[in-house]
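Student: So you can see what is in the structure, the chains are spelled out below.
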Amino acid sequence: MPIPFSYPFFFLMVIFRIYPIIYSFGLSFLKIVFEGGAVKTSYVGFENWAVLISDPFVLKSFMITAYFTGLSVGIGIVFSLGVALLLNKDFRGKKILSTILLIPWAIPSVVSGQVWKWIFNSQYGILNTILLKLNIISERVTWLFNPDLALYCVVFAQIWNITPFMLILFLSSLATVPKTLYDAALVDGANRWQSFRHVTFPWIRTTFFFVLILEIMWSFKSFDLIYVLTRGGPYDSTTVVYLLVYKNTFEYFKFGIGAALAYLLAIVILILTWLMYRFT
Amino acid sequence: MSNKLRYVEKVLLAFVAILIILYATLPLIWVIICSLTTEIDLIKFSSNLEIPSKLTLDHFYTILTGIESEYAFKSLINSIITSFSTTFISVAIGSLGGYVLARLMFPGRRKILFGIIVFQTLPALVMLIPLYIMIRSLGLLDTLIGVILVEVGFNAPYVAWLLIGFLQGIPMDIEDAALTDGCNRVQALIKVLLPLIIPGVLAVSIFTFLTSWGDLLIPLILTSTNATTLPMVIAQGLGEYYARYGFMSALSVVAIIPPTILIIVFQKYIIKGLTMGGVKG
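For the protein sequence lines, the chains are A and B, in the order given.
Here my numbering is used: position 227 in the first sequence is 227, and no number is missing along the way.
Here my numbering is used: position 142 in the second sequence is 142, and no number is missing along the way.
Chain A on its own, in the form it takes in the complex (with noise of 0.2 Å):
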């Protein structure tokens, strides 16, 4: 291996990457009980994955989580690539405003969390204030304690933390459609649905699958949010799959089973980008 001074990099790789993935396949065929400070395991055979395949609520999750994305996903990327094409002139102020929009981008989703909930709050939230006073609601909504309800409050405080990211990258590729294609459209007597679909699509179509698959491995993935605002409930009605994995491993001390679900969902999210680069 090249360069000494390279050695801590591959170390690092060795022991916080490949060394915990085989463990982690390893840990989905055992039983651990910690006692004190000692480990003990018991090899189990595929016990795990057959719970995992055997409980109804492991595929009820995915189906949570396969919800949570497309709703949130789809609607985000409609309404940033939208904003993205009205917002898409040259005018004074537009640094500032993709300053502005890095701000939702940066800031810890625990701290959106924490506003959305705060905002959803029923009993004193400034959401149920402002609709009451309106007249749009009769009496307080328990947003977050309704398992009819909650997960579209997470969808909707997920839709907030993603768009300004797409919206920024979709307007810095837009800048580059060369103007003059318009003009050939407009020669040609193209409708502008027409000269979105044939001139600004194709060259904006990298742009738009990149956001696109990495949104959705995100969704996929997403926790902070989701674990503020409802940890899972109300019953497991936002229980996403890779909540379930924290609450087996680290709630119930299950250790088998949350790596096995892990393994589940990474080889899920693998075979998805496989898929989805393939197919654009």
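The set of hints was computed from the structure by calculation and includes no laboratory data.
Everything numeric in this text was worked out from a predicted model, so none of it was measured.
Worth double-checking, as some hints may not be accurate.
[What the hints assert, rightly or not] Covered stretches of chain A (chain B as the covering partner; in silico rule of three or more C-beta atoms under 8 Å from a C-beta of chain B): (1) 15 to 26; (2) 84 to 91; (3) 112 to 122; (4) 220 to 228; (5) 252 to 261; (6) 266 to 279.
[What the hints assert, rightly or not] Pairs of lysine to aspartate or glutamate residues, derived as EDC-like cross-links and limited to a Cα-Cα distance of at most 20 Å, are as follows: (7) LYS133/A <-> ASP41/B; (8) LYS94/A <-> GLU9/B; (9) LYS54/B <-> GLU39/B; (10) LYS44/B <-> GLU139/A; (11) LYS254/A <-> GLU35/A; (12) LYS10/B <-> ASP90/A; (13) LYS179/A <-> GLU9/B; (14) LYS268/B <-> ASP90/A; (15) LYS89/A <-> GLU9/B; (16) LYS247/A <-> ASP142/B.
In this text, a Cβ means the ideal position worked out from N, Cα and C, and glycines have one as well.
Take the given structure of chain A and dock chain B to it, following the hints.
Tutor: Same frame as chain A, but now just chain B:
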């Protein structure tokens, strides 16, 4: 196009721009207002729209002196220590790794590059479950060293990955010239390459800082009372202080300040970093 139409278009543009700015900032403005009102005023304002008669910095005073919640104060200090150490160590180790992977041809190089991307795609928990056991057996649970170790383990490959992309944009001839002029590799690196990659290193450092500053998962798993970080306090509340939204809002504002300063100062580098594929996950 007639002037009138152009005017309408301008107004429309301004309207959309302002709406988007409001959309992005209103929740943040709201949390700043909350952090500046007393608990009683805040409840009245939020539940009945009674405008507070006065603003106060009490919550910030309480946090920074640690008089009411030692836990919150300690976590803030821990957050500062962990994220700065993580950034520094990850960038140092990761950029050297990135340099070697970008510049030297050796067997297995492509496999390592591919491995880094795949690892980046995997959910962190796959690796965190065994790492918890490892850190536990080392007796490093609930210590800052444990948190920093794992944070560096996750961030250094990411630093390397970003810098590889950046380095590939710099022609190799520059170093070759230095090497033939009698510099050794380390000299060539420091004297010739370093000045060129400073913007990239800066962008990567900012991303690493933002990632570790906001990270919840690693401290949540590895710490309980001593090495807790600010995101943990924000996520879990303060027990008896849980209903204190003013105080919690002030904590959130404290967590927003460093990222906001970084963005205002280094906006140019961040946008550049974003376009080179660097993205906070």
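Student: Output the indices of the hints that this structure fails to meet, ascending.
Tutor: none
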